[in-house]
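Undergrad: Residue numbers (this note's numbering), protein chains in the order written: chain H, 1 to 337; chain C, 1001 to 1069.
Among the hints, a few may not be true.
Said to hold, decoys possible - Simulated DEER-style distance windows between Cβ atoms: (1) R1031(C) - R55(H): 22 to 30 Å; (2) R1005(C) - E149(H): 48 to 56 Å; (3) P292(H) - R1005(C): 28 to 36 Å; (4) P1023(C) - R24(H): 21 to 29 Å; (5) A331(H) - R1005(C): 41 to 49 Å; (6) G1015(C) - E10(H): 47 to 55 Å; (7) I1030(C) - S240(H): 44 to 52 Å; (8) V1007(C) - W105(H): 45 to 53 Å; (9) P1060(C) - A198(H): 26 to 34 Å; (10) K26(H) - I1030(C): 48 to 56 Å; (11) V1056(C) - T330(H): 46 to 54 Å; (12) K26(H) - G1015(C): 49 to 57 Å; (13) P109(H) - L1042(C): 28 to 36 Å; (14) A331(H) - R1053(C): 23 to 31 Å.
Stated by the list, open to error - Under 8 Å between C-beta atoms, here's a sample of chain C residues computed to sit facing chain H: (15) P1016; (16) R1029; (17) S1033; (18) G1035.
By construction, these hints were calculated from the structure, which means they are not laboratory data. Nothing here was measured: the structure is a model prediction, and the numbers come from that model. Just so you know, even glycine gets a beta-carbon here, dropped at the ideal spot from N, CA and C.
One-letter residues, chain by chain:
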Amino acid sequence: MEWTPAALYESGGSRLVCTLCPIRCKLADGQVGACHVRRRTGDILETRTFATTTRHFDAVERKPLYHYRPGSRTLTLAAPGCTFRCDYCINYRISQFGRDDEAPWHAEPVSPAEIVDLAATEGVSIALSYSEPSLAIELTLALATMGRERGVEVVWKSNGFLTAQALALAAPALAAVNIDMKAADEDRHRRLTGAPLAPVLTSLRTLHEHEVWVEVSTPLIPRVSASASDLARIANFIASIDPGIPWHLVRFTPAYRRSADLPSLPDSLAEGVRIGHAAGLRYVYVERALGPAGRDTRCPGCGDTVIARDLWALRQLRLRNDGVCEKCGTALEGRWS
Amino acid sequence: MTEYRFVQELPDLIGPEEYAEQPAGDLVRIRISVGDNGVELLGDAIRPEVLERILVSMGPEVIEQMLCG
């Protein structure tokens, strides 16, 4: 495990204040932050997230990103650690490093130049996913800087729990993000994640304003987000930013410390789709439970299916390169080429 | 001590059309095969921890797992 210099900190008297996430840990010399992957050493902050547990080649649809270069592939990296402690996390063996004995460090250091070279050779983008990518903001910046010269873009699957300083640094480096909005309500969000919801909402607006391509995922967690009223609040918030933001409804699977609850049923997901459209959202998706139709993109102009997807693969594309419907000429929101 | 490996892909043994028939999520499906490297169990479950308990009880050297995202 290697520690390397980190970005995003400021002096706070005898303490050093980490400004990456809204928890803003005030660290004494040698102290590790609440995330367990950043620490103070003397007058600097260090990170151990120049590392990855995986080097997976995935379809971009798996992140999920449905309106960003459909059919393209990503090289997915994941450094251990997360700013949230969600009790349903299937990825807890990576995400809960430092909090759970079953999540030991098992990542290898990475060379950004080597990763960018591999991505460029394979013609793929680089995704940081599975754990919380904002904790690897330094790696993200290095990959984006080197990738820009080689035509390699960087995308995140993130919880969106960042400070304004971190957003300002990250946004220019990112081509696309999928942000989880796990609750509509502050209390329930705190109970689930250990963190407030408001910074996540700010991140969604800010990344959209910075013209990073944004999609949103919501898992239907019982007593947290699965009720019709909660889904409506979430959908209305997304629509208030931009009704063209794709919304992915994610089937809840009992896992980790939330194993007593029941899994989401297809009817609940279908109701969520109806709620999303009623809120004005143009694109609402369900990956598996509603079959191929749940993954289709329909043109808001003529209603025709313009993108058909298999599970984690593009099946058919009836859009021009600029995202315009071949049939009726309506422009669909997204980053299409 | 079982080693956990995070792999890109594993085959599905449960289809989405089965979700509605399993409201409690109790379905577990396991395929056992024997090859040159020994016995391999491929499992799928609506509740991942149930499958994991079954696999761990057999004392495997390695469990391969897909990640979400």
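Undergrad: Taking the hints in turn, state whether each one holds.
TA: To see whether the hints hold, each was checked on the structure:
no., hint, verdict
1, R1031(C) - R55(H): 22 to 30 Å, "holds, 27 Å"
2, R1005(C) - E149(H): 48 to 56 Å, "violated, 34 Å"
3, P292(H) - R1005(C): 28 to 36 Å, "holds, 31 Å"
4, P1023(C) - R24(H): 21 to 29 Å, "violated, 43 Å"
5, A331(H) - R1005(C): 41 to 49 Å, "holds, 44 Å"
6, G1015(C) - E10(H): 47 to 55 Å, "holds, 52 Å"
7, I1030(C) - S240(H): 44 to 52 Å, "holds, 46 Å"
8, V1007(C) - W105(H): 45 to 53 Å, "violated, 19 Å"
9, P1060(C) - A198(H): 26 to 34 Å, "violated, 44 Å"
10, K26(H) - I1030(C): 48 to 56 Å, "holds, 50 Å"
11, V1056(C) - T330(H): 46 to 54 Å, "holds, 52 Å"
12, K26(H) - G1015(C): 49 to 57 Å, "holds, 51 Å"
13, P109(H) - L1042(C): 28 to 36 Å, "holds, 32 Å"
14, A331(H) - R1053(C): 23 to 31 Å, "violated, 50 Å"
15, P1016, "holds, 4 Å"
16, R1029, "violated, 15 Å"
17, S1033, "violated, 23 Å"
18, G1035, "violated, 24 Å"
Violated hints, in rising order: 2, 4, 8, 9, 14, 16, 17 and 18; the structure is consistent with all others.
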